[in-house]
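Enquirer: Below are the chains, spelled out letter by letter.
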Amino acid sequence: MTDGPRLATTGEGTGAGHPPETANLGRAQIGSPGVPGVPFGEPDVPRPSPDGTAQEAPRAPDGQEPRQDAPARTLRALLLGLRQEARSGTVRVSGTPGGTIHLRDGLIVAIESPGTPSVESALLKSGRIDEEGWARALATARETGAEGDALGATLVAQGLVGAVELEVLCAATVFEGAFALSLGRTAEWETAEPSPVLRCGPGIEPRAAAEETTRRLAMVSRLWGPAAELARARTRPSSQAERAAGRLPRRYQSLLTAANGRRTPRDLAFVLGRGLFGVMVDLIRMNDLELLQWEGARPAGRPSTAPRLIPTEQSPPPAPSATLPRRVPRARPDRLGP
Amino acid sequence: MHAPSSVTSLVDVLTSLRERVMGTSESVLSTADGLLVAADADSVQPEAIAALAAATLGIGARMAQQAEAGALRDVVIRCGGGQIVVLAVGDRALLSVLGDEGLDIAALQREAPAIVKELSALLAGDVSA
Numbered sequence: 001m002t003d004g005p006r007l008a009t010t011g012e013g014t015g016a017g018h019p020p021e022t023a024n025l026g027r028a029q030i031g032s033p034g035v036p037g038v039p040f041g042e043p044d045v046p047r048p049s050p051d052g053t054a055q056e057a058p059r060a061p062d063g064q065e066p067r068q069d070a071p072a073r074t075l076r077a078l079l080l081g082l083r084q085e086a087r088s089g090t091v092r093v094s095g096t097p098g099g100t101i102h103l104r105d106g107l108i109v110a111i112e113s114p115g116t117p118s119v120e121s122a123l124l125k126s127g128r129i130d131e132e133g134w135a136r137a138l139a140t141a142r143e144t145g146a147e148g149d150a151l152g153a154t155l156v157a158q159g160l161v162g163a164v165e166l167e168v169l170c171a172a173t174v175f176e177g178a179f180a181l182s183l184g185r186t187a188e189w190e191t192a193e194p195s196p197v198l199r200c201g202p203g204i205e206p207r208a209a210a211e212e213t214t215r216r217l218a219m220v221s222r223l224w225g226p227a228a229e230l231a232r233a234r235t236r237p238s239s240q241a242e243r244a245a246g247r248l249p250r251r252y253q254s255l256l257t258a259a260n261g262r263r264t265p266r267d268l269a270f271v272l273g274r275g276l277f278g279v280m281v282d283l284i285r286m287n288d289l290e291l292l293q294w295e296g297a298r299p300a301g302r303p304s305t306a307p308r309l310i311p312t313e314q315s316p317p318p319a320p321s322a323t324l325p326r327r328v329p330r331a332r333p334d335r336l337g338p
Numbered sequence: 001m002h003a004p005s006s007v008t009s010l011v012d013v014l015t016s017l018r019e020r021v022m023g024t025s026e027s028v029l030s031t032a033d034g035l036l037v038a039a040d041a042d043s044v045q046p047e048a049i050a051a052l053a054a055a056t057l058g059i060g061a062r063m064a065q066q067a068e069a070g071a072l073r074d075v076v077i078r079c080g081g082g083q084i085v086v087l088a089v090g091d092r093a094l095l096s097v098l099g100d101e102g103l104d105i106a107a108l109q110r111e112a113p114a115i116v117k118e119l120s121a122l123l124a125g126d127v128s129a
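Protein chains in written order, with the numbering used here: chain A, 1 to 338; chain B, 1 to 129.
Hints were generated in silico from the structure; no laboratory data involved. Since we're looking at a predicted model, the values are computed, not measured. The C-beta atom is built at its ideal place from N, Cα and C for all residues, glycine as well. Hints may be right or wrong, so weigh each one.
Not close to chain B: a few residues of chain A, all C-beta gaps over 10 angstroms, as computed [claimed, not checked]: (1) 144; (2) 154; (3) 202; (4) 223; (5) 250.
Reference excerpt, derived from the structure (chain A facing chain B, CB under 10 angstroms, subset only) [claimed, not checked]: (6) 97; (7) 98; (8) 112; (9) 115; (10) 117; (11) 121; (12) 234; (13) 238; (14) 240; (15) 242; (16) 243; (17) 264; (18) 267; (19) 269.
Assemble the whole structure, with the sequences as input and the hints as a guide.
Expert: Here is the structure:
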């Protein structure tokens, strides 16, 4: 199966062939900014308006308050629109998890989210770059001005990481970020000026990121079930895992070592400096190999304040005296003997 | 002095932090003077974290006072491989939240009032002997 963190072709650079839905950007509108619950990777299907009538992207009715920038209905539509306009900037998404999407000429150059490790985390946690080298590169990049955007070039110039390696990692992290954002409830977003970020390469077409995210969600739900559920599940090695210990690939080994029953796939990704989707796919495979056992009921959000049930007569109190076997006084000892 | 009956529910609240705030790995509740009350800990020494929480918040409060920055809300310690947040739970207890570098600080700040309220309610029964 072709399911590793697939890297999309970067820098398509075609301005042509924009999807039809982007044509609606700027007119599409639902009530207020902040359209709830539209995952990143979901196709931008027109959704019924609250009154259940308009199926096509509704035009802002006349007499609405004046707005120069009617909100896009989905994050996907927003990004496709910004790509069409070749805008550079930052989209801050609030939600669980939220995140920050960095755009240069409309291409996604980085996505930072609590839901998956950043490029920095991946480089440092994996031990690819040590803290000392990182700090040195940061200091050098700061001297050259545009701190974040120069950081990638500095890392390469100082020989800490290969240019292609960094570009691959940056691209993979964009896809991981898009996937992580799609698992949460996207509450609302705001666009802002570009802010410096560690990046390398031209960036990813929003369309490619959205398609890949859709593919990943479909794959997880086919092999496992709801991806958001897997994202919350906590796991530990099964008894099988110990027996198989010597024969497993290193990736699985490191996951088994880190899985302590407290960590979710996202937590494991941070511990190992790997992408969320890659970890999830490995966990699904390891589950098929019966290497994992999952923690039971998740702890409740808070302790229940429901009235504690007092045992009633329907549930009789334990009466050990009635059920315990009693010594029979006149049991004949000869029957117990051989 | 001790209130053992509420310890389980305190731990429940601490455990729920891992569900409620992405990136939380462990948490420790201590008295304002640094004694361990309850912990959802894995690899850290809860007693050491409890004691350091008192010192951390104390230093933070003095810095806030010296800098005339108003009332201290919480102390955030950001590191290469993780983050620690220390906040006060009422006047008598401290909560230390340990997380990875991706800890969702925004979510923590959003959840903090509810968490503090739940913990305070459970601690309210503690009275001087």
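Enquirer: Hint by hint, note whether the structure agrees.
Expert: Here's how the hints hold up against the structure:
1. Residue-level check passed: residue 144 (chain A) sits 22 angstroms from the nearest beta carbon of chain B, beyond 10 angstroms.
2. For residue 154 (chain A), the shortest C-beta to C-beta distance to chain B comes to about 18 angstroms, beyond the 10 angstroms cut-off, and the non-interface label holds.
3. Non-interface status of residue 202 (chain A) relative to chain B is upheld: no Cβ of that chain comes within 10 angstroms, the nearest being about 26 angstroms off.
4. No Cβ of chain B comes within 10 angstroms of the Cβ of residue 223 (chain A); the nearest lies about 23 angstroms off, and the non-interface call holds.
5. A cut-off of 10 angstroms between C-beta atoms confirms that residue 250 (chain A) is not in contact with chain B; the least separation is 21 angstroms.
6. For residue 97 (chain A), the interface hint holds, the least distance from its beta-carbon to any beta-carbon of chain B being 5 angstroms, beneath 10 angstroms.
7. Look at residue 98 (chain A): its Cβ gets to within about 7 angstroms of chain B, closer than 10 angstroms, so that hint holds up.
8. The interface hint given for residue 112 (chain A) holds, since its Cβ lies 9 angstroms from the closest Cβ of chain B, which is under the 10 angstroms cut-off.
9. For residue 115 (chain A), the interface hint holds, the least distance from its beta-carbon to any beta-carbon of chain B being 7 angstroms, beneath 10 angstroms.
10. The interface hint given for residue 117 (chain A) holds, since its Cβ lies 6 angstroms from the closest Cβ of chain B, which is under the 10 angstroms cut-off.
11. At a threshold of 10 angstroms, the smallest CB-CB gap from residue 121 (chain A) to chain B is about 6 angstroms, leaving the interface hint in force.
12. The closest approach between the C-beta of residue 234 (chain A) and any C-beta of chain B is roughly 8 angstroms, which is under the 10 angstroms cut-off, so the hint is satisfied.
13. Because the beta carbon of residue 238 (chain A) sits about 19 angstroms from the nearest beta carbon in chain B, more than 10 angstroms, this interface hint is broken.
14. Look at residue 240 (chain A): its Cβ only gets to about 23 angstroms from chain B, farther than 10 angstroms, so that hint breaks.
15. For the restraint placing residue 242 (chain A) at the interface with chain B, the shortest Cβ-Cβ distance is roughly 20 angstroms, beyond the 10 angstroms limit, so the hint is violated.
16. Checking residue 243 (chain A) against chain B by beta carbon gives a least distance of about 25 angstroms; that is not within 10 angstroms, so the hint is violated.
17. Hint on residue 264 (chain A) holds. Least Cβ distance to chain B is approximately 8 angstroms, under the 10 angstroms limit.
18. Taking 10 angstroms as the C-beta cut-off, the interface hint given for residue 267 (chain A) holds, the closest approach to chain B being about 7 angstroms.
19. The beta carbon of residue 269 (chain A) is positioned within 10 angstroms of a beta carbon in chain B (closest approach about 9 angstroms), and the interface hint is therefore held.
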